[in-house]
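Peer 1: Protein sequence lines, in the order shown, are assigned to chains A and B. Here this note's numbering is used: the first sequence runs in plain steps of one and ends on residue 261. Here this note's numbering is used: the second sequence runs in plain steps of one and ends on residue 1478.
Among the hints, a few may not be true.
Unchecked claim - Within a straight-line C-alpha distance of at most 30 Å, the following computed DSS-like cross-link-like pairs (lysine-lysine) qualify:
{"#": "1", "chain 1": "A", "residue 1": "Lys157", "chain 2": "B", "residue 2": "Lys1109"}
{"#": "2", "chain 1": "A", "residue 1": "Lys131", "chain 2": "B", "residue 2": "Lys1455"}
{"#": "3", "chain 1": "A", "residue 1": "Lys169", "chain 2": "B", "residue 2": "Lys1440"}
{"#": "4", "chain 1": "A", "residue 1": "Lys135", "chain 2": "B", "residue 2": "Lys1343"}
{"#": "5", "chain 1": "B", "residue 1": "Lys1141", "chain 2": "B", "residue 2": "Lys1173"}
{"#": "6", "chain 1": "B", "residue 1": "Lys1451", "chain 2": "A", "residue 2": "Lys20"}
{"#": "7", "chain 1": "A", "residue 1": "Lys131", "chain 2": "A", "residue 2": "Lys171"}
Unchecked claim - Stretch-level coverage of chain B by chain A, calculated; a stretch enters the list once three of its residues show a Cβ under 8 Å from a Cβ in chain A:
{"#": "8", "segment": "1418-1427"}
{"#": "9", "segment": "1435-1444"}
In case anyone wonders, no lab produced these hints; they're calculated from the structure. Glycine is no exception: its CB is placed at the ideal position from the N, C-alpha and C atoms.
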Amino acid sequence: MSNTKSLLTIKDLHASVEEKQIIKGLDLDIKPGEVHAIMGPNGAGKSTLGYVLSGRDGYSVDSGSVTLDGEDLLDMETEDRARAGLFLAFQYPVEIPGVSNLEFLKASVDAQRQARGEDAITSADFLKEAKAACKQVNLPVAFLKRGVNEGFSGGEKKRNELMQMLLLKPKLCILDETDSGLDIDALQIVAEGVNSQRSADRSFIVVTHYQRLLDYIKPDFVHVLSDGKIVKSGDASLALELEAQGYAWLQKEPVEDELEG
Amino acid sequence: MTEQIDKALAREYEAGFVSDVESETFEPGLDESVIRRISEMKGEPEWMLEWRLSAFREWLEMEEPEWALVDYPKIDFQSISYYSAPKSMKDKPKSLDEVDPELLRTYEKLGIPLIEQQMLAGIAVDAVFDSVSVVTTFREKLEEAGVIFCPISEALHKYPDLVKKYIGSVVPKKDNYYAALNCAVFTDGSFVYIPKGTRCPMELSTYFRINEQNTGQFERTLIIADEGSHVSYLEGCTAPQRDENQLHAAVVELVAMDNAEIKYSTVQNWYPGDENGKGGIYNFVTKRGICHTNAKISWTQVETGSSVTWKYPSCILKGDNSVGEFYSVALTRGRQQADTGTKMIHIGKNTKSTIISKGISAGRSNNSYRGLVRMNPGAEGARNFTQCDSLLIGDQCGAHTFPYVESRNPSAIIEHEATTSKVSDEQMFLCRQRGLDPEKAVSMIVNGFCKEVFKELPMEFAVEAGKLLEISLEGSVG
């Protein structure tokens, strides 16, 4: 165990959606720069975890605590969590017709700068950064002019999420099944984008059903989420094990880690 | 969620202040003597008075229309004052220096400085305060181009033949209840004449302000674009925040001669009443233009104010190949009610019309689009395209669409598209997850929805519309 201060600490988290408990006692500790993969069968609560952490309406925390950089995350409004450096890349990015990507992104960046007491970025500077980000995720610059996700293909939407991440420079990125619906080329582009952002002061939670993505984004830790709890943790090799054996064996036998915890 | 959106929309009405100006206001009440007095105050020619009186007599025989989807208590026309003007205007100030500084301050507070040096270059303003025009700027510059831009009361003296020829030529006296009332009691408004082949060198605009209590504002605007000319005209409107309802019944007539083009834009922000529907302006307006051969009239409106709106800016496409356009954003919230749309009457051959209507309803408001597209038997090859989109915010508001289509020519093509959507939880979550507060998120989503219409507004006015709905970086990508 290193002495570095944790970026994210989740303790005994219980959370519900529409009165149904989905997260049932989850613990997780993430240090700056670490990449944690969260895998698990459908319905295990993987996406719910992302929504609970980012403060989506309708997702309520029943008990437990979450801190981001030592601050009580659960006490913050959705937008304040974003301003504190939490970023969620959506599995199904929604369209906002008529609002250009550029306008949306600049407003987001400015809102976050403002929260840090900085001035709004000038349009010229922002345009330069946005064009560079487009290039990096392999989206034509013309996408900046288009409505947010309006008429984008699945792969374009995911790359657009990545572009937002590049511009917002978050401390903690939660990638919610970013690999779903991507072909292998698109997957590589997204993974390269993510890898380029890995740094000592940026951490990732990579939520995925399949091991495939982890071939490209090498995690430091892999956790298996089942029925609202982390039932097994390990290093990258755990993902390969899961790929070979599936999830079924985890759900059947009692798990020692859990009994000890 | 709904709570946050309500908060986002419940912004202060910034134009709600009252100016401390000593006014001369008629006692409430309406009969022929009131009309005679108005006409006398304005020093009008005899024919104008006769015209007013005949309209009044017609009005007395007419019924208040009830077909619109709006609900308000019956108006007591005897409780309204039909004329109010700042006393300082009585001596007809000849220059800005002579105008009461309090009046100038009022417009400055509204973001419309009337001192030419401070103004946005390129926009001439006619400022109408209650029943009179306070000042019209940049007149000399316009006169050099032969453009006439002055209060209609002044045009009656200086250009009586033009006024006589065109007033009531597009909206007949008997057209409808409120139009007839306006003909009888109109007080001021703007008059524009653009000579043949002239492109008006500036944007023209009129800013209407209601200040006095219990008065109605009945303005009348007449714009004539002679052959091959071009003009872009803007109007803005605000009023103090008061508990009583006030009536605003205007008439606007546009005449586009052969090959002429008129672009008419409105940002209407009359006081909408409070969240419970107390107070606010009744905005009952008749706007219509006639297009001769190859002419074009384009109406763009952003309607955010008024407690009740009843308004259908229309085009009579009389000449062959003439074009009519209607772009509208109507936002209702609180208890506001809007019944608005357009009429496109295709008479000439190959006439074309486009209707883009965006209705946004929030709170407990009701927002209706009502539009008529008529293809007359002679409208060979005429075309219309209509798109009506409604955006609902929350679950207690209403959006309605009443399209009327009458085609008497089999070669005419009419297209109609309509959509209804909601500001979704997913959209709000995405915006907030990126750090935007809910207020900004709503205004951005609403702005996006209105984009096709905002594009049509002149640059300078887009700024004002933006202040109302908050605007963007649009167009900054090279």
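Peer 1: Now tell me if each hint is right for this structure.
Peer 2: Hint by hint, here is what the structure shows:
Between Lys157 of chain A and Lys1109 of chain B the CA atoms are separated by roughly 45 Å; this puts the pair beyond 30 Å, and the hint is violated. A distance of roughly 24 Å separates the Cα atoms of Lys131 of chain A and Lys1455 of chain B; the hinted pair therefore holds under the 30 Å criterion. Between the alpha carbons of Lys169 of chain A and Lys1440 of chain B the distance comes to roughly 21 Å, so the proposed pair stays at or under 30 Å and holds. A hinted pair counts as satisfied when its Cα atoms are at most 30 Å apart, and Lys135 of chain A with Lys1343 of chain B does not qualify at roughly 48 Å.
For the hint pairing Lys1141 of chain B with Lys1173 of chain B, the CA-to-CA distance comes to about 34 Å; that exceeds 30 Å, so the pair is violated. Between the alpha carbons of Lys1451 of chain B and Lys20 of chain A the distance comes to roughly 40 Å, so the proposed pair goes past 30 Å and is violated. As the CA atoms of Lys131 of chain A and Lys171 of chain A are separated by approximately 22 Å, the hinted pair is consistent with the 30 Å bound. Evaluation of the coverage hint for the segment 1418-1427 of chain B: fulfilled, as 4 residues show C-beta separations to chain A shorter than 8 Å, against a requirement of three.
Figure legend: the segment 1435-1444 of chain B, annotated as covered by chain A; annotation consistent (6 residues with Cβ-Cβ distances under 8 Å, at least 3 required).
In this structure, the hints that do not hold are numbers 1, 4, 5 and 6, in rising order.
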